[in-house]
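Novice: Chain by chain, the residues run as shown.
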Amino acid sequence: MLPVVVVHGGAGHIPKERSETAASGVCSAARAGYAVLRGGGSSMDAVVEAVSQLENNPSFNAGCGSVLNVKGEVEMDAIVMDGKTLGSGAVSAVRNIANPVQLARLVMDKTSHACLTAEGANQFAWAMGVPKVPEESLITEYSVMRWTKNLAPDANPVECQMGKMGTVGAVAVDSEGNIACATSTGGLLNKMVGRVGDTPCIGGGGYADNEAGAVSTTGHGEAIMKVTLARLILFHMEQGQSVEAASDLGLAYMKSRVGGLGGVVTVDPQGHWAARFSSLQMAWAAAQRDTLHYGLYAGEHVTQSIDNPH
Amino acid sequence: MCQVSADEAENNTQISQNHVSMAEVLSEEDRERKSKMSAVVVVHGGAWAIPDELAEASVSGVKAAACEGFSALKRGGNAVDAVEAAVRALEDNTVFNAGHGAALNANGEVELDAIIMDGSTLASGAVSCVKNIANPVSLARAVMEKTAHIMLTGRGANMFAESVGVATVPTETLVTEYERKEWEKRKHYVAGVMEDFNSQWAHDTVGAVAVDCAGNVACATSTGGIRNKMVGRVGDSPIIGSGGYADNFSGAVSCTGHGESILKVTLARLILSHIEQGKPVAEASQASLRYMGDRVRGAGGAIAVSPSGQWAATFTTERMAWAAVEDDVLWYGLDPNMRLKEQLSK
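In the order they appear, the protein sequences are chains U and Y. Positions 1 to 310 (my numbering) are the ones given, in order, by the first sequence. Positions 1 to 346 (my numbering) are the ones given, in order, by the second sequence.
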């Protein structure tokens, strides 16, 4: 059953014309994560690789392709967590870098802190030799189009959040049984300057524990925070629920208690995994036993050999 | 309804006898009591090796803050009003590292974090690394009530403060002379050296939890961080589930101690998960702090209250300044197993 990696490219409403890009993006990322695991890499290496690919892919709301804040700027959040030590690294409202997930990992590996924000996160990036990239390199035409539409006084708030790809993330268990998670996002479309969502909040955007499993979440950030969704799902697993049941319980609770929709990828120490969502769609892909699994629409589950060129 | 859990009662002297017997009498009337729920406010002024020269001021500070919080309830306020009032009192008191009395970061600036949470709706507001605001807990409340978001950071948090008319104050008014001198002394050390002494450092985050007469719970936590911390370092305080959490179905918690350890185990949420599974408040807190010590070698403290009015102040550090008000009785402590009380005039 091991190793295994599961990735998501965001839960929400993915319009048909973007669905193929979403599916191929998560499949590529899952393949990349799996290659790391098969080569003997750690679960942390695998999730960082998978999420970096999704950050580099302009079709997802992370790194390049991030949504814009109300001022038209890119402010990104990310987290990584190591299930063996419970160590984590997170950045919030970081700007002008291509891979926030890698900076989050540096916070974990190179400092005694768990989270750096805003100018401090950027100062740390430059001190670590992370290249400063122009904001334009992170902004896509699609993001600008969505941002402009949202600024209109009569903009429909529901329609506003549709169509944007979501937060990206991954969970993995390596051959040694070590578990990790990673999540990265550009946040909420037209968010207030400095708005931080669930992604960099441990227990919200993700959580990993060798003794319980790992979760990476996506969806309505404020709702995820209110129920600390990742940690909640793992509490259910600690109490004996399966990866599917625990994930569904968490998502159902979030919907009934605070009216929020979302999705998760979840894995347990034995390698059982689930990709569950209460939103209309979620782009996801998993790689295990040389098999690639993926889906987008509710109930969709396609499998093919991992070595099948896409 | 028990104010003192059985195992804590064993650690006390004559007070425990009164409470064991009180609990027996009350069990008959429990159902009636539930309709006139007892309101409780508990506050803490940080879990760390508080030196003797700060002990008296810390204890009187938390006592005053607990009374402030309780007064808010008596004036008709709810649990959120109570925790905000209590934490504001602690932020205004320079003996604690929050608002006034904050620590300086590596750049010699003040960066403040705070969170507030309403257990009835799970609504929450938080700010991280906001600069030069006297009462971050009130700004966090404004985020909760005036925006569609939960958390604002850095310049965005300051922009929001300005937009709602919250004044920025000069660094000098927030930082004590003592703190400025200490910072000057240490700024020449390399960051790596500082980390070794982390456990000895002040972790005097402040916080409060409350349950009001309607059974609503709330929590609030506020901090100026660690002296000479990296610019932009965010600890557990403003992170929902770690620095604090409140849910009418289980209770409210505010944490203090080694921030990175609290984050690793999402301490506030962990304590409440134990309460959800039926553990009394004190036992839930003790089990969670023990886990934090065993799993990640971190020490800290937590105050917790349940919707029925059970409460506890628990810590694994050398000391924690705490106080609670319930039924016009003021409880307070500093050293382990210390539990003093004063009758408040009605």
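Check each hint, because a few of them may be wrong.
As the list claims (entries may be wrong) - Residues from chain U shown here face chain Y by an in silico Cβ test under 7 Å; the list is partial:
id, residue
1, G194
2, R231
3, Y297
4, G299
5, V302
6, S305
These aren't lab readings, by the way, just hints derived from the structure by calculation. Where is the CB? At the ideal position from N, CA and C, for every residue including glycine.
Novice: Hint by hint, note whether the structure agrees.
Specialist: Here is how each hint holds up against the structure:
no.	hint	verdict
1	G194	holds (2 Å)
2	R231	holds (5 Å)
3	Y297	violated (29 Å)
4	G299	violated (30 Å)
5	V302	violated (35 Å)
6	S305	violated (39 Å)
Comparing the model with each earlier hint shows violations of hints 3, 4, 5 and 6; every other hint is respected.
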